[in-house]
Structure formats: C-alpha cells, structure tokens
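Asker: Quick note, the sequences are listed as chains A and B, same order. Start counting the first sequence at 1; every next residue gets the next number (our numbering). Start counting the second sequence at 1; every next residue gets the next number (our numbering).
No lab work stands behind these hints: they were computed from the structure. Just to be clear, a hint being listed does not mean it is correct.
Claimed, not checked - The calculated lysine-lysine pairs, modelled on DSS-like cross-linking and capped at a C-alpha distance of 30 Å, are:
| no. | chain 1 | residue 1 | chain 2 | residue 2 |
| --- | --- | --- | --- | --- |
| 1 | A | K51 | A | K90 |
| 2 | A | K51 | B | K90 |
| 3 | A | K276 | A | K290 |
| 4 | B | K276 | B | K286 |
| 5 | B | K51 | A | K90 |
| 6 | A | K90 | A | K171 |
| 7 | B | K90 | A | K90 |
| 8 | A | K112 | A | K51 |
| 9 | B | K51 | A | K51 |
| 10 | A | K276 | A | K286 |
| 11 | B | K171 | B | K90 |
| 12 | A | K112 | A | K276 |
Unchecked claim - Just so you have them, the derived chain B footprint on chain A, three or more residues with Cβ under 8 Å:
| no. | stretch |
| --- | --- |
| 13 | 25-37 |
| 14 | 71-82 |
| 15 | 119-126 |
Just so we're clear, the structure is a prediction, and the values are computed from it rather than from any experiment. Note that the Cβ used here is the ideal one computed from N, Cα and C, for glycine as well.
Number of protein chains: 2
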Amino acid sequence: MEQSFLAWLRGRQRTLPQVELGIGDDAAVIHWPAESVIATVDTIVDGVDFKLHEHDRASIGRKALAVSLSDIAAMGAEPVAVLVSLQLPKEQPAQLAAALYEGLLELASEYKVALAGGDLTVAAAPLALTTTVLGALPAGQTAWTRRGAQVGDLVCVTGSLGGSILGHHLKFTPRLHAARQLARHCSIHAAIDISDGLSLDLDRLCAASGVGVELDLMQIPIAPAAFELSGGERAEALEHALGDGEDFELLLTMSPESFDIASTLDLGVPLTVIGKCVSRTGLWAKQGGKLHRLNPRGYVHGAGP
Amino acid sequence: MEQSFLAWLRGRQRTLPQVELGIGDDAAVIHWPAESVIATVDTIVDGVDFKLHEHDRASIGRKALAVSLSDIAAMGAEPVAVLVSLQLPKEQPAQLAAALYEGLLELASEYKVALAGGDLTVAAAPLALTTTVLGALPAGQTAWTRRGAQVGDLVCVTGSLGGSILGHHLKFTPRLHAARQLARHCSIHAAIDISDGLSLDLDRLCAASGVGVELDLMQIPIAPAAFELSGGERAEALEHALGDGEDFELLLTMSPESFDIASTLDLGVPLTVIGKCVSRTGLWAKQGGKLHRLNPRGYVHGAGP
Chain A
1 MEQSFLAWLR
11 GRQRTLPQVE
21 LGIGDDAAVI
31 HWPAESVIAT
41 VDTIVDGVDF
51 KLHEHDRASI
61 GRKALAVSLS
71 DIAAMGAEPV
81 AVLVSLQLPK
91 EQPAQLAAAL
101 YEGLLELASE
111 YKVALAGGDL
121 TVAAAPLALT
131 TTVLGALPAG
141 QTAWTRRGAQ
151 VGDLVCVTGS
161 LGGSILGHHL
171 KFTPRLHAAR
181 QLARHCSIHA
191 AIDISDGLSL
201 DLDRLCAASG
211 VGVELDLMQI
221 PIAPAAFELS
231 GGERAEALEH
241 ALGDGEDFEL
251 LLTMSPESFD
261 IASTLDLGVP
271 LTVIGKCVSR
281 TGLWAKQGGK
291 LHRLNPRGYV
301 HGAGP
Chain B
1 MEQSFLAWLR
11 GRQRTLPQVE
21 LGIGDDAAVI
31 HWPAESVIAT
41 VDTIVDGVDF
51 KLHEHDRASI
61 GRKALAVSLS
71 DIAAMGAEPV
81 AVLVSLQLPK
91 EQPAQLAAAL
101 YEGLLELASE
111 YKVALAGGDL
121 TVAAAPLALT
131 TTVLGALPAG
141 QTAWTRRGAQ
151 VGDLVCVTGS
161 LGGSILGHHL
171 KFTPRLHAAR
181 QLARHCSIHA
191 AIDISDGLSL
201 DLDRLCAASG
211 VGVELDLMQI
221 PIAPAAFELS
231 GGERAEALEH
241 ALGDGEDFEL
251 LLTMSPESFD
261 IASTLDLGVP
271 LTVIGKCVSR
281 TGLWAKQGGK
291 LHRLNPRGYV
301 HGAGP
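I would like the entire structure built from these sequences, with the hints used as guidance.
Answerer: Here it is as structure tokens:
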C-alpha cells in the first residue's frame, strides 16, 4: 500500500518554493530561510484526542497539524514544513489515510507548510497521527519561551477559554496570524499555548520564569461552550475556563507599553489582560478584592483513568 | 507521567552546541548550520519491526533512531537533531520509555545528534516509536537522490546483505561515516538505503533515474546470516541477499573513476561493485554469461503477511 499511497500523495501536494526535493526519496530537502530551526512533535490518538467513529476524518487530520502549528505560534515562529507519520488500523487503511490527509493538507496549504515526510504503518492498534512541524523565526527575531516573564508584565490571552470538548478542540485556529503581528510589533517576554488548561499552563510559565501571577478571575474570557457545559452557571463555567484542556489559545506576558501597542493591532482574535506577574511565586486569584492561592488543574498526560 | 519524565529526559540529554533551546518548551530551537534541512520520519512498531518481549529495550530505542540515520546517510547528509514520539502501552510506561531512551540517546550521542522533541502517549496499543531526524549537507555539497544514476555508472553496495532478521536489523551501523567520506571525495550520482531488500530498492532507484541495471549475481556480498538461514546453500542465501529487508546498507551509483577513488578511502565497511547501469530499463541478472530479467522482491509495506 505504501508505494501507491505515496505516489497519490506526491500528486496531491502543492509545490511550494521552499521544497527542493519533496517526499518519495530517502528524505526531503527543504530550503531553509533562517539561522535556526524551531521544531516540535505531537501525537494524537483515537480514544484520547479524537474519536474516529464520531469525528469527521478530515477534521482529525487537520487537528494533527493544527496542534503542532499552535506550538510554532507559541514560539513566535512561522511554520515551514511538516512530517507526518500515520499508524493506521487494519480496515481500509488507504481510504482512511487519504481522508485524513485531505484535512491536513488543506490546513498546510492555508499556511504554506510543505509536506516533507509521510510514513505509514498498518498495525492492530488505534489510529494515531504524529506530526513534526519545523518553523523559522523572521529575521532579527528571537524565539518566545516560557522563561522570560518579568515582574510587572501583563498576562494576556487570545480568544476565550473552556468547553473545548464541545467542538473547538477539532476546529480551532492556530494563532499564527496573531503571533506574527505580535512578534513584529511588540516585545513578548514569555509565551505558551494553552493545551492542558489555563491554570496548568500558566503555572508552567510561572515556574519556568521564576515569577508568580495574580489572576483577575473576573477578566478571564469564558467561551460560550464553557457556559453551555455549566448550564449557564458562571462559577462552573469559570472552572472550565481555568481547567479544560485543548483551548490552543496563546498565553503571553508583555509590558503594559507593549500591550498598548498590541491592542491597536489586527490580531484576528481578541487579546485580553487577565492578570499580572508578581514576585511572589505561584498562582493567585483576585476575587472580590481578596487574594487566594489557586491550585493548577488541567489535563495531566498519563495521569488519567 | 509526561512532565516528570520530560524533566528526567532534560537531565539525561547532553548539551550540544547546536541546541539553542532544548526540550521542555513549546518547541526546541536548533541552530542551523546550512541552507537546507534534510528531513525524514520513520515509525517502528512492536510485532512488525521488533518484538518488545524478545528484544532488548535499549536496542529497540537504538533501532528507532538508526533507521532514520540510515536515510540521512543515503542523502549524503549529516544528522543534526532528532524528535521522538513514543506510543507506550499501559504497563509501566515510564520504565519502558526510560529504557528505550537509553539506547536511543547513546546512539544520538555517538553521532552528536541533539534531542529536539520528545512526545509521549500512553494508549491501549502496541509500543510504537516515531523518529524525525533533521540533517544538513556539508557546505558546497548537494543531496544524493535516487534520480541521478547514469548509463555507465557502477552500482555499489556497502557491507553484506541478507539474513538481517537474525540480529543485524537491531544492531546495524547507519553508514554515516562511509557517506561522509564518499560525499567529500567522490561524485555520487544516486543513492538509496536498502530497507526493503536489494532488488526492490535497486528497482526503485532505476525507476527514478530512468535507467536499467545489469547485476552480477556472483559479486553480491552475501552476509553470513543469509548463509545461516539457508543452511549454507548458496543459491538460497543469494535469494536472501536479494530480497530480505532491513540491511540498511547504502546502494550507490558512481562513475568508474569515482569508484577508483572510493576504493582508496577508509569507509569503515567494504564497498563492492555489484553491477552497472544500462540504458535498457529494468533489473537484469548476469549469471553464467547470460542475462535474464530479475523480478524485484522484498518487503512491501502494507502488503500483509
């Protein structure tokens, strides 16, 4: 199956200027526009990250790429190429692979990401998609990390949070456009994408930077889906916004001056200040004028039932 | 499990000069020494490419990387970084992951390959290891492809072939050293690594280049393991050399003048001329002064047991 499928895939891929040699040889050759490679790998698996028999196949393929593009956005980088490995169950693997690639390649085309590798394995195993995305930094820019948050920074988030399980986790837009605008015009001190839940990912950013954060719980943008899950009840919806995984929004820290600039930009998505960085480490919630310690909660990989 | 394992892994990784930012952020940042990225992805799965309950775990981890390094060698490139995604079964995934990484990181260290990503998934599925290796071409060199074989080229192979299943498939040396020497001193017209069997991979090289090959069957270097499988019988051992997969030797074409230079180099492995490129397409076997058509046979992915 592999050779004929790869022949189909070669025909399906758009030619992009960065591709010196596409898939079909021992390796691909990608012209590299920068002095660094930003690289990330993610695997999504049936039953954990999607449901093969419930979800649209193109959406599953799209998600595999979108998850990695979100990581590239969180570095302030531009995606250049993707390598894909599919682990296919034994029933009609070629049809399944083609349907997955439809969604993946459509998103790749939207962001001009070249397909630089496509391995296939057929096994008595659930469907799994592994994507490695390679990105580059625009000239003169350095990568955003989790480490650079400074006391006095504002903590900002794109979009709205919570209830991703109702559909957002399959359909989200990786925040590459917003990242590009912010990288160009502002000085971002630290960044992370929210994959495991706001409070958990914010806690990681704090730990890496050696700062704490005072969150203003009233300012957290709660997604309509979080209200839908909570039956309209705000406190419970807020819990979803704090703890649900797979928002794939950007969590950023920057100076108040940078935020003033950011708020004039066309990011394609709202940017909301939800707190500030403080010297006392840990997460602190400000509610009704009082501060209380917030325990990070969210999706911990491999901890589950 | 993921966070504590990644913390362990961060401690385990050697610091290499190309690593600007190692694993543990949204993505890694690798300083890039060249104008192109050579990229390849491979997945190996329990029951297909190894047997978890028979084989040493470090050897399995080593193989995952070695398979991709072999592809990089077949492009005439140098490996720079690897991203790894492990799909772990549910019994003691952390111990298993650590044992796999022992073998993988030892080989990475040998070739100064940086770990640029490490995703973990625990699933009700067989163990699977996906490795994406990024390589670079030495200054002034172009990538070897399958396409460049010319009529009159000699067809050469490193090492000896066949019977890999007796152990070579887990313990092979990716031919990076030989590739480096050949890239530096010779003009290689076409190259492929033998992963699915000599005749099948040679047929692919011929098809990509639009040439045929006359193989001298008496010259094919047969591995001792192939004789072991055949009970010492030469004709059957030759069949193993022609059709067995996972030799991970280099198959190269070059001019007779380049071969004269190659034969003076310290490649760390024998280099044997096994045939020549001809204009009549297809694979032809020369035996006892006669030519007969050779049907490619080898391991076809997804073609079933």
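Asker: For every hint, state whether the structure bears it out.
Answerer: Against the structure, the hints come out as follows:
1. K51(A) <-> K90(A): 17 Å, holds
2. K51(A) <-> K90(B): Holds: K51(A) and K90(B) sit about 19 Å apart, inside 30 Å.
3. K276(A) <-> K290(A): The hint holds at about 15 Å.
4. K276(B) <-> K286(B): 11 Å, holds
5. K51(B) <-> K90(A): Holds: K51(B) and K90(A) sit about 19 Å apart, inside 30 Å.
6. K90(A) <-> K171(A): 27 Å, holds
7. K90(B) <-> K90(A): The given pair, whose Cα atoms are some 21 Å apart, holds under the 30 Å limit.
8. K112(A) <-> K51(A): 28 Å, holds
9. K51(B) <-> K51(A): This hinted pair holds, its Cα atoms lying about 28 Å apart.
10. K276(A) <-> K286(A): Between K276(A) and K286(A) the Cα gap is close to 11 Å, so the pair holds against 30 Å.
11. K171(B) <-> K90(B): Given pair K171(B), K90(B) holds - Cα atoms ~27 Å apart, limit 30 Å.
12. K112(A) <-> K276(A): 36 Å, violated
13. 25-37: holds (count 12)
14. 71-82: holds (count 6)
15. 119-126: holds (count 8)
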